[in-house]
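Once you have looked at the hints, place chain B on chain A.
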Amino acid sequence: MLRLILRRLWMAIPTLFAIIILSFLLMRFAPGGPFDGERPLSPETKAALESSYGLDKPIWEQILLYVGRILQGDFGPSLIYRDFTVNELIAQGLPISLLIGGLALLLACAIGISAGLIAASKAGQAIDEILMLLATILTALPTFVTGPLLVLIFAFSLGWFPVSGMDENISWVVLPVIALSLPIAGAIMKLVRAGLAVQLSQDHLRSARARGLSPVKRLFRHALRPALVPAASYLGPAAAGVLTGAVVIETIFGLPGLGRYFVQGALNRDYPLVLGVVTLYAGLIIAFNLLADLMYGWLDPRMRDS
Amino acid sequence: MIYSARNLSIEIDSSALVHDISFDIKAGKILALAGASGSGKTVTCLSPFGLHASRASGSAMLLDQEIIGLDEQKLAPIRARDVGFIFQQPLTALTPHMTIAAHLTEASMQAGIAPSHKRLVEMLNRVELSRPADKLRQYPHQLSGGERQRICIAMGIAHAPKLLVADEPTSALDAELRCDIMLLLRDICRAENMAMLLVSHDLASIESSADDVILLQKGRVAEASTTRKLVQKPKSEYAQRLMAATPRMGEALLPSPPIGDRLIDARAMHVNFPRPFQFFRNKSDDIMVRAVRNVSLTIGQGETLAIVGGSGSGKSTLARAIAGLGPLSAGQILWRGQPLSTKRNRKNRALMQPVFQDPIASLDPKWRVRDIILEPQKYLLDAISDVLSAEELLLEVGLEAEFADRFPAQLSGGQAQRVAIARALSVNPQLLILDEATSALDPLAAHSIAQTLENLQKERSLALLMVTHDLALARRMAHQIGVMKDGQLVEYQSKHQLFADPQHDATRTLIKNSH
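Chains as they are written, first to last, in the numbering used here: chain A, 1 to 306; chain B, 1 to 515.
No wet-lab data here; the hints were simulated from the structure. Be a bit skeptical, because a hint or two may be false.
[Unchecked claim] In silico DSS-like cross-links for lysine-lysine, where the CA-CA straight-line distance does not exceed 25 angstroms: (1) B:Lys366 to B:Lys378; (2) B:Lys26 to B:Lys74; (3) B:Lys74 to A:Lys217; (4) A:Lys122 to B:Lys74.
[Stated by the list, open to error] Among the chain A residues that face chain B by a calculated CB cut under 8 angstroms, a handful are: (5) Arg206; (6) Ala210; (7) Pro226.
[Said to hold, decoys possible] From the derived model, a few chain B residues whose C-beta atoms are all more than 10 angstroms from chain A: (8) Arg55; (9) Ile113; (10) Ser116; (11) Lys118; (12) Arg190; (13) Met249; (14) Thr298; (15) Val387; (16) Glu402; (17) Phe407; (18) Ala409; (19) Gln410; (20) Ser412; (21) Arg460; (22) Val490; (23) Lys512.
The model shown is predicted, which means the values in this text are computed figures rather than measured ones. Using N, Cα and C, we set each Cβ at its ideal position, and we do this for glycine too.
With the rest of the complex left out, here is chain A (with noise of 0.2 angstroms):
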């Protein structure tokens, strides 16, 4: 088990080196810089921002001193939000993200295993259909369509929910959260109910059968833990799901997380806010992949020795 983490983590390195590389590059190549505004500033202006920013020196350089700042936990500072820093940027904005993101992950996986469930119970029922129905719907709504039409039933119809920003009262936190779960409590939902019609069929569930189980004794005992394994597998593009869709989440909301700054960053060629951005994406989304592999074992131990 120790072994598996720190071989994960030991390969994670070059990953993330690779990513930081690869978008470097890529920002540098898209057209524009950070200081091509609406009104131009004069060349000399401009080559003095540039200069004191270290822009003008070749890029494998500028790439060496990125790497090297990124070594020491530094990821520079911004250069749109003048005063700040990536770090503080993202000490601002992480932690909001991280409310909703990891919120939304559970409640789709709780929406998803109990559907999923449901309808495997079911198998061939109308319920069944009508669950399955749901997660084809789910899975297809983008958020910019969910999100609004919860805002209009739930905050400006019935009032239970402030229709955006953040108050003291943590309701804020609902409507988004339930935006950001659907499409993924969708595919959790076919991939359970998929898992489970695998596993019912085996032959461990019927030699559970002659001895006598019950249904939900089969189900519960001996189904349902292999039957998660393709769930598991799906958390890692799950969480990478949930962090490219509070983007789209926090600026209905108009929330101040990560997601923001990152549409902010882009479109501005704010170089270091992108790649800091960038990278922590990454890292998460690794550590989500690990936590995937670790879920594998503990779901079906014949995946701990292979």
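Structure of chain B alone, referenced to chain A:
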């Protein structure tokens, strides 16, 4: 009387699978249901207990209670209390995420008692498992097939059932284990005074254990008698054919047809596979899995060489290396004195052709038989002399020419294997490499394929390299027999020599465990 069936019939979607079977099993006795695949033996034993999608009618009395017509709610407690079940596949019958202790505890709870650790250890001792305390902590995948089947038996008898239903309990195991497991089941039955309903397609393996046997043919009773009578003096025509088709160690050794020029001369073959990459490796581990070690053999024109051994002994890997379908790490293979390159050219490919174990899986389901048979010709045409048509090839393997337009789904297992042989013959090979080519078939189909192969061998003076776990089959067909164990060819003899004076322990064990 523990269990008795009267006029038991079973149907699925209103097509009848089993007609009017009657039998009785007393406490401490074993009744075997035998027959070819599709004869209805498994449904007969599972359907009355609600474990099969079919519908049973007639009467089945378990401890004087009628169980036909009961719904699942009434059947489940009966199964839990009075009946134990053992299935064919020990590899998949256990729940992968539950430890052995959890399995045994659950099985004991059927009788309503939570077992102590001491009791769990006793249960494993009862099925003759070593190191029971360690086994309790392990997961099913950490045990071998034989060990898992012992666990399944321990679970089947954990609640002291009156009736044990065993559906092909040994057919997924190695020959060596089959005997042991069968004897264990028999002893448990006698000792616990339990009745047992045993299903088997292999008459030879039940001979020493079952008291009575019912032989089924297409859902009808072909013969019912004591096992001894059926095996020694079969009365019905079907039983006689079946007994004749099953190769047995006791039958007379027939002289083999003559052998021509030497085709294959393989010297010091080694096949190594790299172990899966491990970041932190134990220094003691070998980097290589040595699947075949230093094997030399020869095959002559018209000769049959049988490679026998247990699963994992390296016999298939060896055959693949000779066929040029798998890796050869070291050593040399000469064909008529000329070295064969490891990467075969088209001419070399036409010299030898393989036939695999699962006939259905080795045919593309979307292709017609004609296209399947002629495919090798398309690629190897320049390498072959006589080009036969699909119809000619079908006739040669004992099928009618009309089969050319069929799809694999329209073939029985035996017919599909004939098609696979016709495909192999389409490029006029001089050597056929048969990897368990008859072991997925029922005895009658297997026997008739074996006869077809022998005829082909005579007509074409074809050489056969057959890989098999069945020593009796090798004894019937081969000139030479090679015994493999742990990647090594531990004995390599003419069959007369091998059976008259076996040299190696592995050979003696194989002979002892064959029927």
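Hints breached by this structure: Hint check: nothing fails, all pass.
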